[in-house]
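First to last, the sequence lines map onto chains A and B.
Here the first sequence stands for residues 124 to 557, numbered as in the working numbering.
Here the second sequence stands for residues -11 to 311, numbered as in the working numbering.
It should be emphasised that the hints constitute simulated quantities derived from the structure, not laboratory data.
Just so you know, these numbers come straight off a predicted model, no measurement behind them.
The beta-carbon is built from N, C-alpha and C at its ideal position, and this holds for glycine as well.
Misleading hints may appear alongside valid ones.
Stated by the list, open to error - EDC-like mimics (lysine to aspartate or glutamate), calculated; alpha carbons at most 20 Å apart, straight line:
1. A:Lys295 x A:Asp420
2. A:Lys461 x A:Glu201
3. B:Lys153 x A:Asp253
4. A:Lys247 x B:Asp55
5. B:Lys146 x A:Glu385
6. B:Lys146 x A:Glu403
7. B:Lys153 x A:Glu317
To be verified - Some residues of chain A that are not near chain B, with every Cβ distance over 12 Å (derived):
8. Val200
9. Gly276
10. Phe298
11. Glu317
12. Lys462
So you can see what is in the structure, the chains are spelled out below.
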Amino acid sequence: MKKKGLWLSLALTFSLALAGCNSDSNSASNNNNKEDQGGSKGHEKLEIFSWWTGAGEEDGLKALIKLFQEKYPDIPVENAAVAGGAGTNAKAVLASRMQGNDPPATFQVHGGAELNEGWVAAGKMEPLNDLYEKEGWMDKFPKSLIDMVSKDGKIYSVPVNIHRGNVLWYNKKIFAENGLQPPKTFDEFFQVAEKLKAKGITPLALGDKEPWTATHIFETVLLGTLGTEDYKKLWTGELSFDDPKVKEAVNTFKKMLNYVNEDHSSRNWQDAAQLVGKGEAAMNIMGDWVKGYFVNDLKLKVNEDFGYVPTPNTEGKFMVITDTFGLPKGVKNPEDVKKFLSVLGSVEGQDAFNPLKGSIPARIDADLSKYDEYGKQTIQDFKTAELAPSLAHGSAAPEGFVTKVNQAVNIFVTQKDAKTFIDTLVSASSELKK
Amino acid sequence: METAKAVSERSVTVVPKTQKKRKWTVDHWLALAFLSPSVVLILIFVYGFIGWTGYVSLSNWNSLVPDLSFAGLKNYIYLFHDFRFQADLRNTLVFTVLFIGVVIVLGQLLAILLDQKLRGESIFRNIFFFPMALSFVVTGVVWQWLLNPSTGVNLFFKKFGLDSKWYTDTTILGSFHLGKIEFGVPVAIVAVVIAAVWQMTGFAVAMYLAGLRAIPEEVREAARMDGATEFQIYRKIIIPMLRPITVSVIIIMAHISLKIFDLIYAMTGPGANFVTDVPGVYMFETTFRGNYYANGAAIAIIMLLSVAIFIVPYLISSRKGES
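Isolated chain A (complex conformation) (with noise of 0.2 Å):
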C-alpha cells in the first residue's frame, strides 16, 4: 500500500510535468490563434528595451509605441524597459541577454562609443544602410550625429532624440532674492557661488550616489576648459590625460567640489535636481532630462521656476546625449523591427517622443511648435553649436573606460587628490586605443 502510493506520487509528478509542457505549447497556439484572427500570421512579439521608466520618457515611450501600433495594428509590442538611473541596471540585463543570443528585437543604446566599440565591434548588429536610403534620412539627420552611429561606412542605429548634457540649471527665485546672474564662465561660477555660500545656501546640488553624475559634471569642465577641439582629441589619444590643461580641469572641478551638498553621496540625480526645485539649492548641473522632471515631475514652469544655461565656458559647445535603437543580429523578426525603426525615425514619431522626454528631436526637420520654450532654444542651439559626445553617456569612450572613470571620480570626490586621479586616467586611457 505505501509502495503503490510512492509510485502514485511519482506517476502524478511525472504527469504534471508533462501538463506544464503541454500547457506551455497550448498558450503558445493561442497566441498564434489570436493573432491570426486579428489577421495576420506568426508575428513574434516586438520587444523592445529600454531603460526609460521615469516619468517624462516612460511617457514618451509609450507615446511612440501607440503611434506605431496605430499603424501596424497586427504586430503586438512588448515593452520590455527596465529601471535604473541612466541604464545601469538594463545596461547588465542587455549584456546577458545579447552574450546568451537572445537578444531583445531592438534595444536602446547611446550613440558613439556604446554602440561602436561596444556591439557593433562585438560583431553583434545589423547594417541599416539600406532602412537609411529607403527612409531618406541622410539628409534628415545631422551628418555629425549619423557618424555617432557609423562605423566604417555603415550605420548602425536610429537615434530618437538629443539630449544637452552641458546645462547649468538654477532656482530662478534664489537668484532674483539675491540680485545675482547665471554664471557664463568658470570665474563668475566661483563668484556667485562664494555669495551663496556665504548667506547659507548650497550653491551646487550634486547626488552621486552613483558616481556617473559627478563625471557628468567632470566632463562639463572638461569641455569648458579645453574647448571642443582638445576634448574630443581626449578620446582617440592625440591628447594625453596628464596634459596641463586637463590637470587645469581636474582643478576646477576639485574646487566646485567645495560647493557641494554635504549629503551628496545619500542622493541621486533626480534628488539633486529635486534640491533645485525646491529652492534648497541654486545650481544644478545635469543633462536635460532635468527638465522633464522639473516639469513633470515637480510641476515647475520652464523661466519662471526655474532656469537654464550652457555650463561655464561652454557657450555655443553642446555635449550630445542620444539615445538610438538598433537592430541586432539574430533577431526573428527583423523586418518588424525594420518598421518600428523608421516609425521612430520619422517626424511624426519623434514630435510623438520628444516633448514628453524632455529632449529635442535628432531630426533637423521636427516641428518647432510643439516644443516648449527650452526645446525651442536647445533646437536652434544644436544647429550652430559644436557637437563633443558626452563621456559620462557612454557616447566618447567604450563603457570599461567609463566604468574605470566612474571609479576614480567617487574616490576623487572623497580623496580630492588631484595626482591620483590624473594617474588613474592616463593608465585607464590605454583601453582607448584601439
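Fit chain B to the supplied structure of chain A, relying on the hints for placement.
Chain B in isolation, oriented as in the chain A frame:
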C-alpha cells in the same frame, strides 16, 4: 591503543559491506530516481559553472567580445593592486567581524531574556523573528530612508544637536597602511551593519532559544544545589553549553556576510570613496557595467574561496563527528 584504533577503523569499514549485501529494494531505486536528477543538475549548474567561472577568471575576456585565451593570474594580480578591491577586502573584514559579533551577543542576550518563561513569549519571538521574512533588498531600502542624513532618525537627532552622517561618512577610523592597503574601520559600515543585524538577529535568537530549551532543567537544579547564583549558572554552564550553536550561527552568518550584495546594493551602493563597497557589488559592476568578464570572474572566485575558508573546516569537522 594503536591496535584498538585499527580494529575500530576496520569495523567501521566492515559495516557498509554488510549493507551492500542487502538487496536493492524498490525504496532504494526510488530514492536513487528522485536524487539523481538533482545531483546531475547540481553537478552541471553549480560545480560546472564554478569551473567555468574559474576558467574565465584566467582568461583575457575583458570586453564584449569573448576572448578565452589564457592570461594566467593577470586578473587576480590586477585586483590586488586595485584601490577599490583593497577597500572591498577591508570592508568585508570589518563588516563580517562587527556583524557576526553583534548578532551573536544580541542573539544570546535576547534568547536568554526570552527564556525567562515570561508571558506573551510567542509574541516577542515573532517580533524578533519577523524581519527574517523580508528580503535584504527591502531592508536596505527601508534603512536607507531611516539613516539618510537629511531624513529619518536624523531629524530626531538633529533636535539634540547631533548631525549624523551615517552612510555618507567617509571617515576611516584608525586608518593605517599595510603595504598598499588602507586598513581601519569605515564609519559608514556601521549603518550597513545596523540594517544587517536588524534582519538576522532573529535567526540567532531562534537558534539560541532552541539550544536553551534543549538544556535539561536538571542541570540548572544541580548547579543551584551546589549554591551557584543564576548569573554563575549562565556564565559557567549554560553559555558554554551553547557553544555548538554559536559555531553554527557563525558559519551561517559568515557565508551571508562574505557574499553580501543585495543589502548594500539597495542601501548605499559602493559609497563615496568605496567605504561601503563589497566584492559582490564590485563583481556586479565590473562584469555587467564595465564588461570586464574575466576580472568579474576573478572577484567571484575570490569570494568563493573566502567563504570556503569558513565552510570547508566546518564540513570536515561535522563529517568527523558523524563517523
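Evaluation of the provided hints:
1. A hinted pair counts as satisfied when its Cα atoms are at most 20 Å apart, and Lys295 of chain A with Asp420 of chain A qualifies at roughly 18 Å.
2. For the hint pairing Lys461 of chain A with Glu201 of chain A, the CA-to-CA distance comes to about 16 Å; that is within 20 Å, so the pair holds.
3. Of the pairs offered as hints, the one joining Lys153 of chain B and Asp253 of chain A is violated, with about 57 Å between alpha carbons and a cut-off of 20 Å exceeded.
4. Between the alpha carbons of Lys247 of chain A and Asp55 of chain B the distance comes to roughly 15 Å, so the proposed pair stays at or under 20 Å and holds.
5. The suggested pairing of Lys146 of chain B with Glu385 of chain A holds, with an alpha-carbon distance near 15 Å, which does not exceed 20 Å.
6. For the given pair, Lys146 of chain B sits about 18 Å from Glu403 of chain A by alpha-carbon distance, which is consistent with the 20 Å threshold.
7. Using a Cα cut-off of 20 Å, the hinted pair Lys153 of chain B and Glu317 of chain A is violated, with the two alpha carbons roughly 24 Å apart.
8. Separation of Val200 of chain A from chain B is adequate, the least Cβ-Cβ distance of about 26 Å exceeding the 12 Å criterion.
9. Every Cβ of chain B is farther than 12 Å from the Cβ of Gly276 of chain A; the closest lies at roughly 21 Å, confirming the non-interface assignment.
10. With a least beta-carbon separation of about 23 Å from chain B, Phe298 of chain A lies farther than 12 Å from that chain, consistent with its non-interface assignment.
11. Chain B leaves Glu317 of chain A outside its interface by the beta-carbon criterion, the shortest separation being 23 Å against a cut-off of 12 Å.
12. The claim that Lys462 of chain A lies off the interface holds: its Cβ sits roughly 27 Å from the closest Cβ of chain B, which is beyond the 12 Å cut-off.
Figure legend: structure checked against the earlier numbered hints; hints not met, in rising order: 3, 7.
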